[in-house]
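> Let the hints inform the model, and build the full structure from the sequences given.
Protein chains: 2
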Amino acid sequence: MSAAVLSGKELSAAIRAETAERAAALTAAGTEPRLAVVVATADESSAWYVRSIAKAAGKAGITCDIVDLGATASPESIRARLAELSADERVHGIILQTPLPAGASLQELAGAIAFEKDVDGANPVSLGRLAAGLPAFAPATAEAVVRVLEHHTIELTGRHVAVVGRSMVVGKPVAHLLLNANATVTVCHSRTRELAAVTSAADVVVAAVGRAGMVTADHVAPGAVVIDVGTNPTEDGGLAGDVDADSVSGKAGALTPVPGGVGPVTTALLLSHTVRAAGG
Amino acid sequence: MSAAVLSGKELSAAIRAETAERAAALTAAGTEPRLAVVVATADESSAWYVRSIAKAAGKAGITCDIVDLGATASPESIRARLAELSADERVHGIILQTPLPAGASLQELAGAIAFEKDVDGANPVSLGRLAAGLPAFAPATAEAVVRVLEHHTIELTGRHVAVVGRSMVVGKPVAHLLLNANATVTVCHSRTRELAAVTSAADVVVAAVGRAGMVTADHVAPGAVVIDVGTNPTEDGGLAGDVDADSVSGKAGALTPVPGGVGPVTTALLLSHTVRAAGG
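Heads up: the protein sequence lines correspond to chains R and S, in order. Oh and the first sequence: position 220 is 220 in my numbering, straight run, nothing missing. Oh and the second sequence: position 157 is 157 in my numbering, straight run, nothing missing.
Check each hint, because a few of them may be wrong.
[Unchecked claim] Covered stretches of chain S (chain R as the covering partner; in silico rule of three or more C-beta atoms under 8 angstroms from a C-beta of chain R): (1) 125-135; (2) 157-169; (3) 173-179; (4) 184-191.
These aren't lab readings, by the way, just hints derived from the structure by calculation. Backbone N, C-alpha and C fix where the C-beta goes; we use that ideal spot for every residue, glycine too.
In structure tokens:
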């Protein structure tokens with residue numbers, strides 16, 4: 001028995017098609033949807049990711065401005081630029097790309113992104129509003145997890161979901177989205193004792209730790225659904241998930257692939273959020 | 001065997017004494033710490049609670065303004081008054097008392113409380129900042145849970161805590177505070193399947209459901225620590241916890257009493273937050 005493959009490609013294509021339609025309608029009505037990606041790093045995989053967003057935005061009819069402040073930008077200058085973009089009526093979505101220069105904190109700086117334009121849910125305000133059930137954008141990766149589950153009609157109400165990882169980018173926001181979907185949610189992390197026992201009690205395991213192959217068959221109950229959020233670069237230039245797929249797929253009921261699972265849905269949601277922020 | 005009693009009285013007295021000292025120092029330096037409690041209800045138990053805060057504030061040397069807008073106040077007028085108090089330099093802490101008039105939402109209105117003055121952590125921004133590890137006030141009840149555990153030297157790192165209840169006032173913020181303290185956290189709620197099995201897997205159970213006696217011995221592991229956040233009014237004018245103490249105390253290792261557990265610490269923390277907000 002091999003676990004069912006929970007692909008994100010079909011869902012991603014559907015979100016992109018809908019986004020392109022809404023972008024075209026907005027543009028026809030005189031509003032050109034525009035996303036600003038603020039970069040302050042010379043990191044190569046970041047540059048690759050930003051180019052892939054810009055390309056996807058272009059295909060969807062969204063203008064993407066890459067605002068490169070250089071790898072030595074000060075926190076103050078980054079904050080000032082975010083505030084400027086927040087006030088700029090032509091800009092609808094703002095992303096602050098990581099990594100950031102030493103001394104700069106994503107959460108502190110993201111507070112300068114107007115929450116209405118915070119299409120990757122980086123401003124702590126967005127998390128607070130999500131938790132309160134108020135309108136806000138979730139981090140695209142966290143939302144992608146829930147959207148993939150829903151797309152594959154995996155019931156969440158009353159089900160026990162273990163989230164491995166407690167970051168502000170995935171673990172914490174996905175916990176709130178899952179609670180909003182009426183799941184019982186356990187958040188595990190590096191200090192969790194007997195991790196395998198805790199995650200094996202769950203119907204669904206979300207792996208968001210950023211360590212290749214960390215989640216193995218020992219961590220999942222027979223038949224469980226496993227969502228792999230990991231995008232760890234491999235030596236040969238590829239991507240490895242947080243889940244050891246060879247080990248897990250013989251035991252789990254279903255598993256998202258890496259690449260081709262949560263990743264493409266994340267990018268599609270960033271664009272979808274931008275169009276919504278533009279009023280589409 | 002009967003569970004150890006985790007009293008909040010000693011801790012509450014210590015926080016109050018420290019708060020009174022800081023309030024006196026602030027007043028001597030020319031800053032009179034001031035708390036505004038905004039009320040828009042004719043509810044009797046709310047009025048009782050507000051009087052008890054005002055009395056405790058007075059004892060601590062904190063001026064407490066009860067701003068009664070009446071039970072028919074519109075959401076707009078409540079929001080306007082909160083914004084006015086947020087801008088008033090003489091006011092250091094602001095609480096919006098519940099219940100609110102029909103059509104008014106605590107989370108939406110609390111967005112108008114400046115987070116620096118949000119001494120009961122009602123603004124969703126405060127929750128987001130707590131989750132991000134940025135300075136913010138937690139809801140006093142949620143913080144009281146963690147302070148009681150710490151006061152009784154109950155280790156949290158790596159321990160599994162089940163929180164029953166997912167409100168913005170207790171369940172969600174206490175989950176973040178417990179994660180910050182390196183606990184593994186499970187949030188359960190009304191839709192959780194097999195609640196007793198889930199909570200019985202935890203080292204610590206936090207009951208915050210608002211239903212008298214809901215948590216019984218079936219819900220707790222032998223020797224577990226149980227924190228009772230419930231303050232359900234009884235017919236004879238007393239208070240009943242969410243935990244059925246008679247049932248649980250024969251099985252749990254330790255249990256907070258109601259009254260005298262989390263409650264007095266909550267009030268003390270509200271005052272402590274106000275003095276901190278005033279710079280003390």
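> Hint by hint, work out which the structure violates, then give me just those numbers in ascending order.
Violated: none.
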